[in-house]
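Colleague: On the provided structure of chain A, position chain B as indicated by the hints.
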Amino acid sequence: GQSLEQPSEVTAVEGAIVQINCTYQTSGFYGLSWYQQHDGGAPTFLSYNALDGLEETGRFSSFLSRSDSYGYLLLQELQMKDSASYFCAVKVRATDSWGKFQFGAGTQVVVTP
Amino acid sequence: SQTIHQWPATLVQPVGSPLSLECTVEGTSNPNLYWYRQAAGRGLQLLFYSVGIGQISSEVPQNLSASRPQDRQFILSSKKLLLSDSGFYLCAYTGGGNTIYFGEGSWLTVV
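Chains as they are written, first to last, in my numbering: chain A, 25 to 137; chain B, 1105 to 1215.
Isolated chain A, as found in the complex:
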């Protein structure tokens, strides 16, 4: 089976930088994704890494090291609206499918003034 580990909660002030780590154990690994979920809403896509290295999209960056089974999401210039849960997810091989997505337990990011 698959397992993903990420911290349960992170608190930071506006303007700060937050790094959310994710380690995974899985077979048939294709890539690592990150999703944001605000209270009461559905998760929305932030990034996907299939290859090692850093991907930057505006204030958010995501990193993957396949050899270490490790990745992180970096949130820069934190804003109050960034308060949400952040999930790492692995895309893995599935029988007769393009792949399936297994999610971690999520990290609650709390941004304070």
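Keep in mind that the hints were calculated from the coordinates and are not lab data.
All values reported here derive from a predicted model rather than from experimental measurement.
Glycine included, each C-beta is placed from N, C-alpha and C at the ideal position.
Do not take every clue at face value.
Claimed, not checked - Taking CB as the label site, the calculated pair distances span:
(1) B:1173 - A:119: 19 to 27 Å
(2) B:1215 - A:41: 40 to 48 Å
(3) B:1160 - A:134: 37 to 45 Å
What the hints assert, rightly or not - Looking from chain A toward chain B, a few residues come up when the C-beta cut is under 7 Å (computed):
(4) 31
(5) 72
(6) 84
(7) 124
(8) 125
(9) 137
Modeller: Here is chain B on its own, set in the frame of chain A:
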């Protein structure tokens, strides 16, 4: 453009009653479809996925079942609900890429 809808948005059901949640996708053909459940303050648990009409893979043994009667329709059902079935149910799809898109979700409370 591609969209996904699921309903009902909220429901309160007594223990032992049946359940039917429906999801439809528009703007894409032959999507992979998924049902996830999220308990309060927890992560997303993959329940079922489907690669085509009538093809269902179950990830977790439980008293839930899924069906795909049409290419872009996915249904989650139960004959008799348990208290532990309460949660936030999310339908999702991929079009073969690396991004999974979620519906608005259905809040189920079993009382």
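Colleague: Hint says 40 to 48 Å; check whether the CB-CB distance for residue 1215 of chain B and residue 41 of chain A agrees.
Modeller: holds, 44 Å
Colleague: Have a go at the residue 137 of chain A hint: is there a Cβ in chain B nearer than 7 Å to its own Cβ?
Modeller: violated, 24 Å
Colleague: Take a look at whether the Cβ-Cβ distance between residue 1160 of chain B and residue 134 of chain A falls inside 37 to 45 Å.
Modeller: holds, 39 Å
Colleague: Would you check whether residue 125 of chain A satisfies its interface hint, that is, whether its CB is within less than 7 Å of any CB in chain B?
Modeller: Hint holds; residue 125 of chain A Cβ to chain B Cβ min 5 Å, cut 7 Å.
Colleague: Holds or violated: is there a CB of chain B closer than 7 Å to the CB of residue 31 of chain A?
Modeller: violated, 13 Å
Colleague: At a threshold of 7 Å, is the proposed contact between residue 124 of chain A and chain B supported by beta-carbon distances?
Modeller: holds, 5 Å
Colleague: Is the shortest C-beta separation between residue 84 of chain A and chain B less than 7 Å?
Modeller: Given a least distance of 15 Å, the restraint on residue 84 of chain A is violated.
Colleague: Could you check the hint for me, namely that residue 1173 of chain B and residue 119 of chain A are 19 to 27 Å apart, CB to CB?
Modeller: About 21 Å separates the Cβ atoms of residue 1173 of chain B and residue 119 of chain A, which means 19 to 27 Å holds.
Colleague: Less than 7 Å between beta-carbons is the criterion; does residue 72 of chain A satisfy it with respect to chain B?
Modeller: holds, 4 Å
Of the numbered hints stated above, those contradicted by the structure are hints 4, 6, 9, listed in ascending order.
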